[in-house]
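Given chain A, work out where chain B should sit, using these hints.
Next come the chains, spelled out residue by residue.
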Amino acid sequence: MHRLLRLSILLMGLSVAVSGYAADAPQPTLTTEDDLGPQVVQPIEFPHDRHAGLRNPGDPLKGGMEIDCMYCHTYARRSAVAGIPPLQKCIGCHQSIETVRNKPRIQELFKYWDAKKPVPWKKVHDLPDFVRFNHERHIKRFVEQQNRPTQEACGYCHGDVKQMTVARRSKALSMGWCANCHQKDHPVTAAGGTPVGNQAYWYGFQKPVADAAGGEYKAPDTNNIKAQGPNDCWQCHK
Amino acid sequence: MIDSGLDRRDFLKVLGWGGAAVALSGCGNTSVEDGKETVVSYVEAADYVIPGIGVYYNSTCAQCDAGCSINGRVREGRVLKLEGNPASAINRGRTCGLGQAGVQHHYNPDRVREPLLRHGDKNEVITWDKAYALIAEKLSGAKGDEVAFLSGGVSGHLKVLLGNYLDSIGSKNHFVYEALAPAVVRAANKKAYGVEMPRYNINKAKVVLSFGADFLGAWVSPVHFSQQYAQFRKGVDGQRGVLIQVESKMTLTGANADRWIPVRPGTEGILALGIINALGTASGDIAAAVKGYDRARVSKETGVPPGQIDKIAALLKLRSPSLVLAGSAAEGYAHGSQNAAAINLLNQVLGNVGKTVEASTSVPFPQMAPAKGNTVALKSLNDGLAAGKYKVLFCYAANPVFTAPGAMKFKDHLAKAGFKVAFAHYLDETALQADLVLPLDSALEDWGTQVPEYMTEGAQINIQQPLMEKLHANTRGMGDILLALVKQRRAEEYKSFDDYYAYLRGAMLLNKNALGGSGADDDTFWNETLTKGIVKLAGSAGTLSGKASAAGLTLPVPSAADVQYPLQLIPGVTASLRDGRHANQPWLQESPDPLTTIVWDSWVEIHPKKAAELHITEGDIVEVTSRSGSIRAQAYLFPGIHPDAISVPLGRGHEALGRYAKGYGANPFQILDAVFDQETGELAMHETRVKVSKTGQRVVVVKDEGAAGGKQMGRKIAVLVTTDEVDLSKEA
Numbered sequence: 001m002h003r004l005l006r007l008s009i010l011l012m013g014l015s016v017a018v019s020g021y022a023a024d025a026p027q028p029t030l031t032t033e034d035d036l037g038p039q040v041v042q043p044i045e046f047p048h049d050r051h052a053g054l055r056n057p058g059d060p061l062k063g064g065m066e067i068d069c070m071y072c073h074t075y076a077r078r079s080a081v082a083g084i085p086p087l088q089k090c091i092g093c094h095q096s097i098e099t100v101r102n103k104p105r106i107q108e109l110f111k112y113w114d115a116k117k118p119v120p121w122k123k124v125h126d127l128p129d130f131v132r133f134n135h136e137r138h139i140k141r142f143v144e145q146q147n148r149p150t151q152e153a154c155g156y157c158h159g160d161v162k163q164m165t166v167a168r169r170s171k172a173l174s175m176g177w178c179a180n181c182h183q184k185d186h187p188v189t190a191a192g193g194t195p196v197g198n199q200a201y202w203y204g205f206q207k208p209v210a211d212a213a214g215g216e217y218k219a220p221d222t223n224n225i226k227a228q229g230p231n232d233c234w235q236c237h238k
Numbered sequence: 001m002i003d004s005g006l007d008r009r010d011f012l013k014v015l016g017w018g019g020a021a022v023a024l025s026g027c028g029n030t031s032v033e034d035g036k037e038t039v040v041s042y043v044e045a046a047d048y049v050i051p052g053i054g055v056y057y058n059s060t061c062a063q064c065d066a067g068c069s070i071n072g073r074v075r076e077g078r079v080l081k082l083e084g085n086p087a088s089a090i091n092r093g094r095t096c097g098l099g100q101a102g103v104q105h106h107y108n109p110d111r112v113r114e115p116l117l118r119h120g121d122k123n124e125v126i127t128w129d130k131a132y133a134l135i136a137e138k139l140s141g142a143k144g145d146e147v148a149f150l151s152g153g154v155s156g157h158l159k160v161l162l163g164n165y166l167d168s169i170g171s172k173n174h175f176v177y178e179a180l181a182p183a184v185v186r187a188a189n190k191k192a193y194g195v196e197m198p199r200y201n202i203n204k205a206k207v208v209l210s211f212g213a214d215f216l217g218a219w220v221s222p223v224h225f226s227q228q229y230a231q232f233r234k235g236v237d238g239q240r241g242v243l244i245q246v247e248s249k250m251t252l253t254g255a256n257a258d259r260w261i262p263v264r265p266g267t268e269g270i271l272a273l274g275i276i277n278a279l280g281t282a283s284g285d286i287a288a289a290v291k292g293y294d295r296a297r298v299s300k301e302t303g304v305p306p307g308q309i310d311k312i313a314a315l316l317k318l319r320s321p322s323l324v325l326a327g328s329a330a331e332g333y334a335h336g337s338q339n340a341a342a343i344n345l346l347n348q349v350l351g352n353v354g355k356t357v358e359a360s361t362s363v364p365f366p367q368m369a370p371a372k373g374n375t376v377a378l379k380s381l382n383d384g385l386a387a388g389k390y391k392v393l394f395c396y397a398a399n400p401v402f403t404a405p406g407a408m409k410f411k412d413h414l415a416k417a418g419f420k421v422a423f424a425h426y427l428d429e430t431a432l433q434a435d436l437v438l439p440l441d442s443a444l445e446d447w448g449t450q451v452p453e454y455m456t457e458g459a460q461i462n463i464q465q466p467l468m469e470k471l472h473a474n475t476r477g478m479g480d481i482l483l484a485l486v487k488q489r490r491a492e493e494y495k496s497f498d499d500y501y502a503y504l505r506g507a508m509l510l511n512k513n514a515l516g517g518s519g520a521d522d523d524t525f526w527n528e529t530l531t532k533g534i535v536k537l538a539g540s541a542g543t544l545s546g547k548a549s550a551a552g553l554t555l556p557v558p559s560a561a562d563v564q565y566p567l568q569l570i571p572g573v574t575a576s577l578r579d580g581r582h583a584n585q586p587w588l589q590e591s592p593d594p595l596t597t598i599v600w601d602s603w604v605e606i607h608p609k610k611a612a613e614l615h616i617t618e619g620d621i622v623e624v625t626s627r628s629g630s631i632r633a634q635a636y637l638f639p640g641i642h643p644d645a646i647s648v649p650l651g652r653g654h655e656a657l658g659r660y661a662k663g664y665g666a667n668p669f670q671i672l673d674a675v676f677d678q679e680t681g682e683l684a685m686h687e688t689r690v691k692v693s694k695t696g697q698r699v700v701v702v703k704d705e706g707a708a709g710g711k712q713m714g715r716k717i718a719v720l721v722t723t724d725e726v727d728l729s730k731e732a
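Chains A and B, in that order, are what the protein sequence lines are.
Going by the numbering used here, the first residue of the first sequence is number 1, and it counts up by one from there.
Going by the numbering used here, the first residue of the second sequence is number 1, and it counts up by one from there.
Pulled out of the complex, with its shape left as it was, chain B reads as follows:
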């Protein structure tokens, strides 16, 4: 809090009179910059470049991996605004707030601009030649399996090139890590439906029962789902769709639901089985498996009143088809796979498979299909690092020092790697631990292809192309870097490609016929591809397999209360900050959280009842302690959370990354316990138990909520007076 005598009202007065002063002095007839400002013309200008008129280019949003196509407005050589490309079946011309902030990724003042050799805390600027030579030197001293490559989800030609590079080194250690990937749900889907990510038809469902899937906010492909959701609400056959959200912490989707059902954390699967039982339509082994889940028991274990269970079952019976979704809140437990399996089973019992759950199409180039990130990769990398297995480690599009659970001690283990290379946009926490930091082009400066994991109608390959010239001379595209590195080892094979652009163009032209360009000459096909920004393919439709079965389904009884750590920590995934990689984009920091309206800071969501028990009021700085560590943040009383749980949003609490991220808020990743899903080995994100204690400090929570900022009523701050009524002499 600002602790000076200048309160908000005085501040506004100064602002008001100051503004008046400026306005008055500006009333003269002199032009403002005559003869002072320089106007710079083009040296050579293309015909279509007209100052003041925008030119539009299609590309692909790189803010998350949903693969929305974007259309950027470029004026006077600068990209100004991104909108969705209407031709894409994924986002149909829309973008989300995260996508809108993409320009701030590009223009970010904290981007790394030169290759840096790090000596302790000092950076030495080196040339690219020296950087490449250094990598070659380090690699020559390492065997193939002593080299590891950690990356976020990659797809398209970059994935192919990366695979070839690792192959040339002789390394099989490609760790694809995404902190917030729906990996458990993928595995459960694979079992139940035969595909990892089927196509969900929210728009065809009459009831959507979502177990913590925040499909309007941050789950899988939110822009696409939001549009389906709009159709779903308009209704099939004039019947407005009903959304029921089951989760322990209210998400944006939960806030939009007709019925929001707070469930005891971790008992989502039990509720799903309880609903199957209440439906009474199952037979065979399924009926046998759910027999014990009568409403009394389910109600006792989940905390959902028996009447609610009956109502849900009745609604699902009445309206078909419906759609049941398993989201991150259900999968984040040690028995997450079981939860997801129980939820998928409900879908099968309801007969939704083939109606609202359909087989997705895949791109006919399996080598370009996305390498999907998960947290198993982090664990095995971490184990390898702890054992000192790796002499050279590359890191791209992942920030594990920030996102790995504190209990894994990733930062300490990382230090055991011999030589660490980070390909980075910013000096984030992981790049700060690296020995060599190589600066990347922004997503709006780089070439690439992307194949989205979640495919909508048909299959598509997205084209990423530069919207403007590079801002900084010494950044490079990831593709260009990989090409230079692979040339070190297989010069002969890649000598015909001067740069990644040539590689990309060559690779696309090679498959021209399969990409829908048969008959067209090379230039026409290529230019059309770039103009559209999307290559639409018929794709091969997969088939759903697997029959409903309850075999192997065992759900644990909810554990008894933990006296020392009585509360469950639910790491909140917000639509704009996600895992925190974009936290240095100030638009994302300043856009209020949709549920709490808090900006620029972290908070601890706590149920008012629980808060009263602990004598916590809004704005108390509380300490959240788990077995793995503790963080401090402001308390926010929120009825949309289970009384036995608290939630802290992810993405803030950076110690590095940049000026808009460093020092804002707290990082709940830090205090997560290393608990894993028993079946898949994925990190169980919701399995950390904590206690909350007051620190005695208090702040005013900065939020939009409430009348005039929530705190001004009764303080005569926002009194309505006209300027001629203001008597400054009485204000002393």
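Bound conformation, chain A alone:
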């Protein structure tokens, strides 16, 4: 009796899981269209547009200041995590910007500073714990090697932040979405340079392939597959 009961619990769990899967959003397409995350209410409505947005030559008080992302998010180029700027960073500038000193948001900011308490920001971009995304590598490649503008490079994943006030997740940040770029830019090739295509992730896993006769399955001859590092599973799943 107990065994039957247990079995039914198992099966029920399984069916719930499967239906949960079916109800989820479909896999993203291979372009990086926006896939908006939830609106997040922050303790201080930080205006990214004002800081990073384009200047307005006509009325400098209305436009942005084109501050480089990494002026504040200074850890991104030095660490796997981008971190949140220390409160000190905000105060460093704002203590000498008298014009906005009495704005409610700035007053709020100084309240935290005077109490020496960090602002309890809410996380906007988050990956599951089993995924290790490395900011430093991406900055190195796009900004330092390829000399692309910082806002463009950060924007691949974070969207057009300079248009936002409070940041909002605008890309899917799912595995398929990540692999989309990785496959395009680091194709897995068989001997002679033939792209192997979407078997990229299987490189480390050794996906079994049918032999020529179509019968038996065996592990692929990995010597003939040349994958770049960024397509190995362990790059993200350490």
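Don't take each hint at face value.
[To be verified] Listed next, the in silico DSSO-like pairs over lysine-lysine satisfying Cα-Cα at most 27 Å (straight line):
hint	chain 1	residue 1	chain 2	residue 2
1	B	LYS172	B	LYS143
2	A	LYS117	B	LYS36
3	B	LYS389	B	LYS409
4	B	LYS36	A	LYS89
5	B	LYS36	A	LYS122
6	B	LYS389	B	LYS487
7	B	LYS409	B	LYS130
8	A	LYS116	B	LYS470
9	A	LYS111	B	LYS36
10	B	LYS138	B	LYS389
11	B	LYS372	A	LYS116
12	B	LYS470	A	LYS238
13	A	LYS140	A	LYS62
14	B	LYS416	B	LYS191
15	B	LYS547	B	LYS372
16	A	LYS117	B	LYS470
17	B	LYS190	B	LYS372
18	A	LYS111	B	LYS409
[Claimed, not checked] Derived, one-sided and incomplete: chain B residues facing chain A with beta-carbon distance under 10 Å:
hint	residue
19	LYS36
20	GLU44
21	VAL49
22	ILE50
These are computed hints drawn from the structure, not numbers from a lab.
Just so you know, these numbers come straight off a predicted model, no measurement behind them.
We put the beta carbon where it would ideally sit given N, CA and C, even for glycine.
For chain B alone, coordinates are given in the frame of chain A:
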């Protein structure tokens, strides 16, 4: 045992399918914590603090007193991992499992967090000011010799400060107690070599003959010896070193030996004399002393076959230099000093002194040299307590209520002390008996200096510094507490020191030139010292003195069989639990014992032959009864023990300490008889005789040993099937 219908296989199935369910539902494209989790930034951040990147600090391991230097990785202000500091001559970048668990001492959920005034079983949280005032009040009502301070081994500036405090009270009663100190061997060494702890060069020896010295596991400085041992095995001049271990209960070192010789408990000294006799190279009074120890007699008394004795002697003759070590198994008897003396004599006869036994260097600040713990201190404290001599008792880094032999009735005597103050990390058995419990910083939060007892090349002072901010606001470093207490009495002398850090820095800077900082300015010297974590000193090399002599060497004939208590109890010292002070670190509880692979519980090691005689099989709960009490634990059949002995590991069986220690296993300290070494007065730990009886209960021994947990074969639990072959409908 879990007595439900859910067996291991069903459990794994639930786990497997449950895991699959989680994995499937996790396949969606939503991020997991968007907008829910808080990310907290620094308010102000130092330049070198980068989220996700570790910062490393050097400090000193406080898990045992070997004095290994450690290097801690700190990320986002939290210490995550400890490794050895390669610059230390003691551990050269290595740590042991006990050291690795140091982070669990720091993050332990059962640490005491507030000063507690205890009323019976109730705790009242009080402020530090009130606690200090209370101590001052109690001290004012007591004369100097009515105050006693019990501590574990202390060294460095803490020892100096403690000495000054006791001096200010006018008390000379500093009892330095370590339950497992090699105190008898120290005394025997002092006699034979002129120093208590010479430097052993295992790496230079071609043969190591160890009488129960578990130098790879828990003896003196195991991390250092393990590295020497590796060199010894690679060999001097291409000759691989041979290790012979003589002991009644196999230790980790015994398990690594080329030849493991089970000897009748307590006859180690007789075997040593027998080997001297078999060597035939001794002359004078030594030859006369060993004359009677011919192989027939020695073999009869020790149980070692005559052929073995000849082989050992032949090997020792063939390969020189060798090294003979006297360890805890040899010293733990009423004639322990004699055993150790006989073993040291063998070293001298073999001409090893000056080759593999060398003079150690000592730190040129004798006041900082370690106050070495022993068990004589426990006895005299216990006698004093029994006589009601003490009005105030302080207790630091010792847990005598747990580690004192049951026969000493320490807990009862402790109650006679008027006011008991415990400086504690946890509410251990002793702290529970105290009137005032003062919470200490963890070793990773505190400042300090440490001078190791066992010095390797040169001398060194180890620096202990905080690896991270304090976890709990109301804990204090031992140095800070002592400074506050000594200020109560000598305010003028100590007024320039705001805290122990200032005291430590001031004291180090005062001796800057002697500490190798001549010419450097104060800040540079101090910062360099903290960066390195070690102050290396030339030190003063001692000299070995004393000539080989057999004068006064008398070894008793092994006692006849005791009918009522036929077995010898050997308290097992394991590398991770030692005397049990760290038993609340779960990594130590769950790391399998190297020899039996048992986890989370105590066991009674018993020889299969003896077990068959008593009809005991593995997993029987047996009762071990001595004249002083009895404990219960699971039986484990183990060929690595003398048939006339049983062994129960020390360290488990706590009634307090914390959630990972309380209620796990049994405490053999409880049933130890109060027998003492005749010469030194040290507790003879191996001198308790016991009987073993079955209780009728049985358990499955939880251990790693054997295929798939040792018990699954033939029970179709670990059958190999792929998931598509699983037919749940047939599993009803």
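We went through each hint and held it up to the structure:
1. B/LYS172 x B/LYS143: Roughly 11 Å separates the two Cα atoms, so the pair holds.
2. A/LYS117 x B/LYS36: Cα-Cα ~20 Å, so holds.
3. B/LYS389 x B/LYS409: Given that 27 Å is the threshold and the Cα spacing comes to 16 Å, the pair holds.
4. B/LYS36 x A/LYS89: With a Cα-Cα distance of about 24 Å, the restraint between B/LYS36 and A/LYS89 holds, given a limit of 27 Å.
5. B/LYS36 x A/LYS122: Within the cut-off at roughly 6 Å; holds.
6. B/LYS389 x B/LYS487: holds (26 Å)
7. B/LYS409 x B/LYS130: Distance of about 32 Å is beyond 27 Å: violated.
8. A/LYS116 x B/LYS470: Holds, because 18 Å separates the two Cα atoms, which is no more than 27 Å.
9. A/LYS111 x B/LYS36: It holds: about 23 Å lies between the C-alpha atoms, which stays within 27 Å.
10. B/LYS138 x B/LYS389: Distance of about 15 Å is within 27 Å: holds.
11. B/LYS372 x A/LYS116: Not satisfied, since the Cα-Cα distance of roughly 46 Å exceeds 27 Å.
12. B/LYS470 x A/LYS238: Violated. B/LYS470 to A/LYS238 sits at ~31 Å, over the 27 Å cutoff.
13. A/LYS140 x A/LYS62: Violated, because 33 Å separates the two Cα atoms, which is more than 27 Å.
14. B/LYS416 x B/LYS191: Distance ~38 Å between B/LYS416 and B/LYS191 Cα, so the pair is violated.
15. B/LYS547 x B/LYS372: holds (25 Å)
16. A/LYS117 x B/LYS470: holds (18 Å)
17. B/LYS190 x B/LYS372: holds (14 Å)
18. A/LYS111 x B/LYS409: Not OK: A/LYS111 and B/LYS409 at ~60 Å, beyond 27 Å, violated.
19. LYS36: holds (7 Å)
20. GLU44: holds (4 Å)
21. VAL49: holds (9 Å)
22. ILE50: Nearest chain A Cβ about 5 Å off; hint holds.
Hints 7, 11, 12, 13, 14 and 18, counting from the list given before, are not met by this structure.
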